[in-house]
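Going down the list, the protein sequences come from chains D and E. End of the first sequence sits at 473 in our numbering; the numbers just go up one at a time, nothing left out. End of the second sequence sits at 569 in our numbering; the numbers just go up one at a time, nothing left out.
Derived by calculation from the structure, the hints in this document are not laboratory data. Hints are supplied without guarantee of correctness; some may be wrong.
[As the list claims (entries may be wrong)] Simulated pairs of lysine-lysine, DSSO-like, Cα-Cα distance not exceeding 27 Å:
no., chain 1, residue 1, chain 2, residue 2
1, D, 276, D, 473
2, D, 473, D, 264
3, D, 409, E, 513
4, E, 483, E, 497
5, D, 409, E, 499
6, D, 264, D, 381
7, E, 532, D, 381
8, D, 382, E, 532
9, D, 381, E, 513
10, D, 381, D, 371
11, D, 11, D, 27
12, D, 470, D, 11
13, D, 295, D, 409
14, D, 295, E, 499
15, D, 14, D, 26
16, E, 532, D, 264
17, E, 513, E, 532
18, D, 295, D, 382
19, E, 497, D, 409
20, E, 483, D, 371
21, D, 371, E, 513
22, D, 382, E, 513
23, D, 409, D, 470
24, D, 371, E, 532
[Said to hold, decoys possible] These stretches of chain D come out as covered by chain E in the derived footprint (C-beta under 8 Å, 3 or more residues):
no., segment
25, 29-41
26, 53-61
27, 333-339
28, 356-370
The beta-carbon is built from N, C-alpha and C at its ideal position, and this holds for glycine as well.
As a plain string of letters, each chain reads:
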Amino acid sequence: MTLREYVREIKRGKLSAAESLQSFQKKCDEYSHLNAFITLLNERAMQRAGWIDEEISRGADPGPLAGTIFAIKDNINIAGVRTSCASRILENFNSPFDATVIRKLTDAGAVFIGKTNMDEFAMGSSNENSYFGNVKNSVDESRVPGGSSGGSAVAVAAGMAQAALGSDTGGSIRQPAAFSGVVGLKPTYGRVSRFGLVAFASSLDQIGPLTGTVDDAALILGVISGHDERDSTSSREPVPDFHSFINRDIRGIRIGVNRAVLEKGIQPEIGDRLQKLTDYLQASGAEIVEISLEKTLEFGIAAYYIIATAEASSNLARFDGVRYGYRDDRQETLAGMYRSTRQNGFGEEVRRRIMLGTYVLSSGYYDAYYKKALQVRHLIKKEFDEAFGKVDTILTPTTPATAFAMGEKISDPLEMYLSDIFTVSANLAGICGINVPVGMDASGLPIGVQFMANAFEEGKLFRVADFVEKNFK
Amino acid sequence: MSISTDQVEKIAALANLNLSEDEKSKFTVQLNTILEYVEKLNELDTEGVSPLSHPLDLKNVFRKDEVQPSLPVEKALENAPARSKNYFKVPRVIRK
Chain D
1 MTLREYVREI KRGKLSAAES LQSFQKKCDE YSHLNAFITL LNERAMQRAG WIDEEISRGA
61 DPGPLAGTIF AIKDNINIAG VRTSCASRIL ENFNSPFDAT VIRKLTDAGA VFIGKTNMDE
121 FAMGSSNENS YFGNVKNSVD ESRVPGGSSG GSAVAVAAGM AQAALGSDTG GSIRQPAAFS
181 GVVGLKPTYG RVSRFGLVAF ASSLDQIGPL TGTVDDAALI LGVISGHDER DSTSSREPVP
241 DFHSFINRDI RGIRIGVNRA VLEKGIQPEI GDRLQKLTDY LQASGAEIVE ISLEKTLEFG
301 IAAYYIIATA EASSNLARFD GVRYGYRDDR QETLAGMYRS TRQNGFGEEV RRRIMLGTYV
361 LSSGYYDAYY KKALQVRHLI KKEFDEAFGK VDTILTPTTP ATAFAMGEKI SDPLEMYLSD
421 IFTVSANLAG ICGINVPVGM DASGLPIGVQ FMANAFEEGK LFRVADFVEK NFK
Chain E
474 MSISTDQVEK IAALANLNLS EDEKSKFTVQ LNTILEYVEK LNELDTEGVS PLSHPLDLKN
534 VFRKDEVQPS LPVEKALENA PARSKNYFKV PRVIRK
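Bound-form chain D, shown alone:
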């Protein structure tokens, strides 16, 4: 059942939000060993679901997401609930306010079942960097679920929630969605307000949905999009009726592909699936156009890890043990307190990224690294601008390989970073991208492909991704 169908049944009184919540809570119990959640909102969620049912029974309309059960990544603030970012430094941080996306989902009738596990401060591609422990992939528990929105992906994949919110700075929604076999959308930069999302890299971060179907993602994006005066980078671009892009054909849609992608050392089964899909799209009336992605594929990761860590080192300077969060109070001096708090409050990957970011911004290295990366970012953006002059959407794998084993890459940070090769460029260019599951490899692990579209053209993503989801076998 899609979210739209479910909401219709809730509004007709055929289904009860409270009963539905109970069944999802049962799943959360059953799958608690997957460690997808950091905080469960049991009573709070039950009260809320009961209230939705009462509203409906008295003839009121709780909104387009009435009674839907959501899991929320633990870097998005819900008032009165802990927002830990999977970090020791925020282990006991109680949010004093709602993020704008939370307010919008609440106004639309959603119920929050819990806050999901993630890589600490959204830094990671495997969910192995959480202070609250690893998340396991529900398809194969010896594998990582991807990251950083690993808990959100597993919550949806294992049926512990109907939908989830994640955040995507370099692939943190799309990559775990691919590893877990669900739909994951990174909206255009500025489409969704970031107010209340704990900042990692402010020019790259974007909130988006992880869902069971493409139509669910379209429904949720319609609710959470739009300008917000509390986020000056949120766009005033009109929000279209995204549902109008569902159940369409793809005749005449121009899809960009790049043969070099297949030579990037990707898992052969992913290459095969991608080729089959390309042929199928062509047979279904799409026009396949060869485009260049040279800069994106060759230089994207290098530019990304400079820019993202630079912004992170600046954003994470606020965690100093003064106003909130963990403080090492054994220290007698202020400077000692700062250093000890940060050393003990942040995990290793976060400290490594702060170090890299501080270095590339430091005097004498700024031009060689940070400025250079920003120039390359401009070239990558231009490469996309050129491509989107010729095509409506670009098709790539989401990841070079399916979900890797736990522990496989954790000791080699660069190797881990390289697994983001197909996703980081959409963030650098500020465009949108979606992961759609397209089958499994020989070990039964999900394979995902990514469609990217130009800024504010999520409609094109929904049209082609929905077509693939419903027709490609």
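Given chain D, work out where chain E should sit, using these hints.
Only chain E this time, still in chain D's reference frame:
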């Protein structure tokens, strides 16, 4: 360019981190691996390319200087590790 353990120490001080000795050597190796990889950016000619710090063409946003609802003092202090009256309390900075 490569980074030395001395530089790692200096960067750690700038970043307000107390790296352990083990971590200093580990980070030196790892940061060098990453920096060696990002050197590849130099293969691209960026002469005359303007740096793109942000994907959107943003303009400064102004609003009238009017008081808007904001976090009440009690709420703002609720998560403080230590407080004194309406202030955040920190270790003594000035010695008697």
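Unmet hints by their number, sorted upward, for this structure: When the structure is compared with the hints, numbers 14, 16, 17, 23, 25, 26 turn out to be violated.
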